[in-house]
Amino acid sequence: MRRSLLFFLPFLLLQCRRQHVETIAVKGSDTELNLVLQLAEAYMEIEPGVSVSITGGGSGVGIAALINGKTDIANSSREINKYEIGMAGNRHIHPESFVFAADALAVIVHPSIQLDSLHLSDLGKIYAGDITDWAQTGAGAGRISLYGRQSNSGTFIYFREKVLHRDFSPDLKQMNGTAQILEAVRNDPGAIGYVGLGYLTDLHGTLREGIRIIRLSDGHGGPAVSPLEKSAVQKGLYPLTRPLYQYTDGFPEGKLREFMEFEKTTAAESIIEKNGYLLPRDAGLAASIR
Amino acid sequence: MNRRFFWDRFFEKALYGAAWVSVMTLAGIFLLLLYNGAQTFISIAPGDFFSFSRWNPAAYDQPTFGIGAMLVSTLLVTAGAMCITIPLGIGTAAFLSEMASPRLRNVLKPAVEMLAAVPSVVIGFLGIVLVAPALAAAFDLPNGLNALNGAILLGIMALPTMVSVTEDAIHAVPGHYKEASYALGANRWETLVHVTLPACKSGILAATMLALGRALGETMTVLMATGNATSLPHGIFDPVRTITATVAIEMGEVPFDTPHFFSLFACALVLFLITLAVNILAERMAARFRKKGQ
Chain X
179 MRRSLLFFLP FLLLQCRRQH VETIAVKGSD TELNLVLQLA EAYMEIEPGV
229 SVSITGGGSG VGIAALINGK TDIANSSREI NKYEIGMAGN RHIHPESFVF
279 AADALAVIVH PSIQLDSLHL SDLGKIYAGD ITDWAQTGAG AGRISLYGRQ
329 SNSGTFIYFR EKVLHRDFSP DLKQMNGTAQ ILEAVRNDPG AIGYVGLGYL
379 TDLHGTLREG IRIIRLSDGH GGPAVSPLEK SAVQKGLYPL TRPLYQYTDG
429 FPEGKLREFM EFEKTTAAES IIEKNGYLLP RDAGLAASIR
Chain B
24 MNRRFFWDRF FEKALYGAAW VSVMTLAGIF LLLLYNGAQT FISIAPGDFF
74 SFSRWNPAAY DQPTFGIGAM LVSTLLVTAG AMCITIPLGI GTAAFLSEMA
124 SPRLRNVLKP AVEMLAAVPS VVIGFLGIVL VAPALAAAFD LPNGLNALNG
174 AILLGIMALP TMVSVTEDAI HAVPGHYKEA SYALGANRWE TLVHVTLPAC
224 KSGILAATML ALGRALGETM TVLMATGNAT SLPHGIFDPV RTITATVAIE
274 MGEVPFDTPH FFSLFACALV LFLITLAVNI LAERMAARFR KKGQ
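Order-wise, the sequence lines are chains X and B.
Per the numbering used here, the very first residue in the first sequence carries number 179; after that it's consecutive.
Per the numbering used here, the very first residue in the second sequence carries number 24; after that it's consecutive.
What the hints contain is simulated information worked out from the structure, not anything from laboratory work.
Take the hints with a grain of salt, since some may be wrong.
Stated by the list, open to error - Stretch by stretch, here's where chain B covers chain X in the computed footprint (C-beta under 8 Å, at least three residues):
#1 321-328
#2 446-456
Said to hold, decoys possible - Counterexamples of contact, computed for chain B against chain X with all Cβ distances above 10 Å:
#3 ALA37
#4 TYR83
#5 ALA123
#6 VAL135
#7 PRO197
#8 GLU202
#9 LEU246
#10 ARG264
#11 LEU296
#12 ASN302
Where a beta carbon is used, it is the ideal one built from N, C-alpha and C, also for glycine.
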């Protein structure tokens, strides 16, 4: 009996020590998940007294958690909507938005599809279900299979607002996460999907194989641009570039503030770029950040 | 009042209370679902809810709430799972209790039961990386995220329930039934098919119903492996989105006290009523067979 007590003693002591560790809870966007995870790890290395816990679930889930007072930071790849602001107000939560990085949404297809570029409006027709066969786009033949995210994802909403301007086709396969979309597109010869820029490269920054990245042109007569062409993206020529937000309840203070300021340091910026994301100043977003 | 008497009464009451806890919980769940689910119909006509119009609560302009396609999807996947789990389960149980040597049995039975301990998210993962590509290759499909994939995975997940309940039922068949059959010159196969299995019909039925309940309610696996397209499936090779997947996907982000919120409760209520009906039916039939047996 005494022995078993001795055995547990170190754990009890650890338990006591842990209580002095400050925790920051971060929840939301799956697009931001990997990036914020790495930023948090880098932050915890220089600030051992703070523990940052990060969970995904989708932008909607993160914002809902912020409104319900269950997270310190809500990651979101879309802007908070007026409905959510209203609900937050009812619960005396005051969401403040911060843009710490930017993301270009890449449209990918199976490599067997002989398609190089698409107009944004044709992409919309494909995802709305008006175009159902690759023959209609001049890229061989075969039924198009649509892959996208679930409705709790900020990317779902962003893509609909920016590309479709109406509802997705009911045949859209709603995947559980971006990695699943990537995996599905790789295996399905008729597939088209959309993923965040960060998912196109692996940890060493090399491009993933088995997918074809489509160049996009928008309605302003500009050239079709790949999200990998950095200079074009910086000029704002790639149509699917979006800010990545973090929301807090009121202006952050204490450790929370320190963490968010860390995200603006050069160390953090190199992590952001290494993961294939863009710095806000590089994304041609100046106008969209308030 | 003496001490012994007091404690006796005390435990009687305590156990009485314990027995009521599950009943009250069930009633509570039902009332909660009913209270929230019923409010759906303040803003959505029942005719629109129980229709094949698209399930699109987060629509760009006009939300629609048709549960028809999801109901068909749920029934399709569950029926497929039962087609796999019933023959496989009865076969496994019969082999385990009638044919297998004790040594083999001691290995096989825990192995089947361990299957129940595999988390559903792991099974779903295998569905994506293993079953989906295999189905796509076998049936020449563009992808394997469809109803059949879900049915196969659910069939496997329901197997432990099917096997252990069926095996218990086979064990409960009195030994002299089999002895009489052997005495009449029947071999082991004939005895199994014509004597043992018919004698434990009620048990097999109960096993089927329990497995059915398991398959109906499973969420994570189907959510991961069936593609979640909201359109009405036209066959087992179409992607489907079940009621459970819909509730799981959308409950996390839905704003409270909105038509969408209430409609998710209505979905859960529909699912609850289906499983309740299955269970009541199972009880009825099991009771009838029991009477016949006597």
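Hint by hint, here is what the structure shows:
1. 321-328: holds (count 3)
2. 446-456: Since three or more residues must qualify, the claim that chain B covers the segment 446-456 of chain X is violated, with 0 doing so at under 8 Å.
3. ALA37: holds (31 Å)
4. TYR83: violated (5 Å)
5. ALA123: Since the minimum Cβ distance to chain X is about 39 Å, ALA123 (chain B) lies beyond 10 Å and the statement holds.
6. VAL135: At about 29 Å from chain X, VAL135 (chain B) clears the 10 Å cut-off, so the statement holds.
7. PRO197: Answer for PRO197 (chain B): holds, closest chain X Cβ roughly 49 Å.
8. GLU202: holds (53 Å)
9. LEU246: At roughly 7 Å from the nearest Cβ of chain X, LEU246 (chain B) sits no farther out than 10 Å, so the non-interface label is violated.
10. ARG264: Not fine: 7 Å to the nearest Cβ puts ARG264 (chain B) too close to chain X.
11. LEU296: holds (26 Å)
12. ASN302: holds (30 Å)
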